[in-house]
Amino acid sequence: MSQPLEAFLSSSVSRCEALLAQLTTSTQGIPRDFHPAIEYALQSGGKRVRPALAWAAARAAGLDDAAREQVDPVAAALELIHTYSLLHDDLPAMDDDDLRRGRPTLHKAFDDATAILVGDGLQALAFELLATSPKLNDSQKVALTTELARAAGFAGMVGGQFLDIRATDHDLTLEELQTLHRLKTGALIRAAVRMGGLAADADTDQLDALTRYGEAVGLAFQVVDDILDVEGETATLGKTGGKDAAANKATYVRLLGLDGARKSASHLLASALQALEPLGKDADLLRELARFIVQREA
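Quick note: the sequence shown uses this note's numbering, first residue 874, plus one each step.
Don't take each hint at face value.
[As the list claims (entries may be wrong)] Restraint ranges, calculated between C-beta atoms of paired labels, are given here:
| id | residue 1 | residue 2 | range |
| --- | --- | --- | --- |
| 1 | Glu942 | Glu1170 | 45 to 53 angstroms |
| 2 | Ser899 | Val1015 | 23 to 31 angstroms |
| 3 | Arg905 | Leu1131 | 17 to 25 angstroms |
| 4 | Thr1041 | Ala997 | 27 to 35 angstroms |
| 5 | Asp1155 | Thr1041 | 25 to 33 angstroms |
| 6 | Thr1052 | Gly1130 | 14 to 22 angstroms |
| 7 | Thr1019 | Gly1130 | 17 to 25 angstroms |
| 8 | Glu1104 | Val1015 | 20 to 28 angstroms |
Everything labelled a hint here was simulated from the structure, so no lab data went into it. For every residue, glycine included, the Cβ atom is placed at its ideal position computed from N, Cα and C.
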């Protein structure tokens, strides 16, 4: 990892952690006994990749770093939606995971009902942040709220999770698997990149380049996740390794083999980098983030 990317990711994580910490103290009316579970969900660590992509996309669209705070509500909303999705995915009725980011999942630390309710609340809070932020104008609020709702909904993340559950114990074609993961994983990553551009008032050509990049990186993220599920150690991953194979899930490794999955990730990385060519040096952070996503070990 290059020094500029390492510094950017460290800064993004710190900034995101601070934004999320503010939410638990500034949101009015939360029942007192609810706070520990909410804080457990929000202060659970993680790479905060989606906020980082949004901030980097805004820079690629020409937003000066001094105006970075304009993207803060977008970054926080993305992480709230992502966190809610993990809380629900980990439940026994979904992926039934006991470990997330190196510690017990929320439903194990508390209970199923609390995990469901925290997830519900985080989802609602994400849209409240976008709708009420003084950093965004009205047209941005509409565009960003619509973008996030579509990415998180039936034609995005939720639809992808439905397809993933239905695909267990079934052999999918490559096209079917790509459709599943464009929705389950790719939709929110694509939205993160596009929302960063929208918050920076990207023009049509810039937004088109960012969209193509987001689509390629979103799919690459899942391909690498599938590889890491086979090759990674539980202690490194922060979640249970080998679980997809044990559950007979539809994955790129199962369909293409390890070598085929690696080639697919490399091809998607090349597509992502090619998409950024019209954006010049302003997109260098996005280029480095794409390489990081494909080369990561957790």
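Now the hints, each set against the structure:
no.: 1; hint: Glu942 to Glu1170: 45 to 53 angstroms; verdict: violated, 32 angstroms
no.: 2; hint: Ser899 to Val1015: 23 to 31 angstroms; verdict: holds, 24 angstroms
no.: 3; hint: Arg905 to Leu1131: 17 to 25 angstroms; verdict: violated, 49 angstroms
no.: 4; hint: Thr1041 to Ala997: 27 to 35 angstroms; verdict: holds, 29 angstroms
no.: 5; hint: Asp1155 to Thr1041: 25 to 33 angstroms; verdict: violated, 42 angstroms
no.: 6; hint: Thr1052 to Gly1130: 14 to 22 angstroms; verdict: holds, 20 angstroms
no.: 7; hint: Thr1019 to Gly1130: 17 to 25 angstroms; verdict: violated, 39 angstroms
no.: 8; hint: Glu1104 to Val1015: 20 to 28 angstroms; verdict: violated, 43 angstroms
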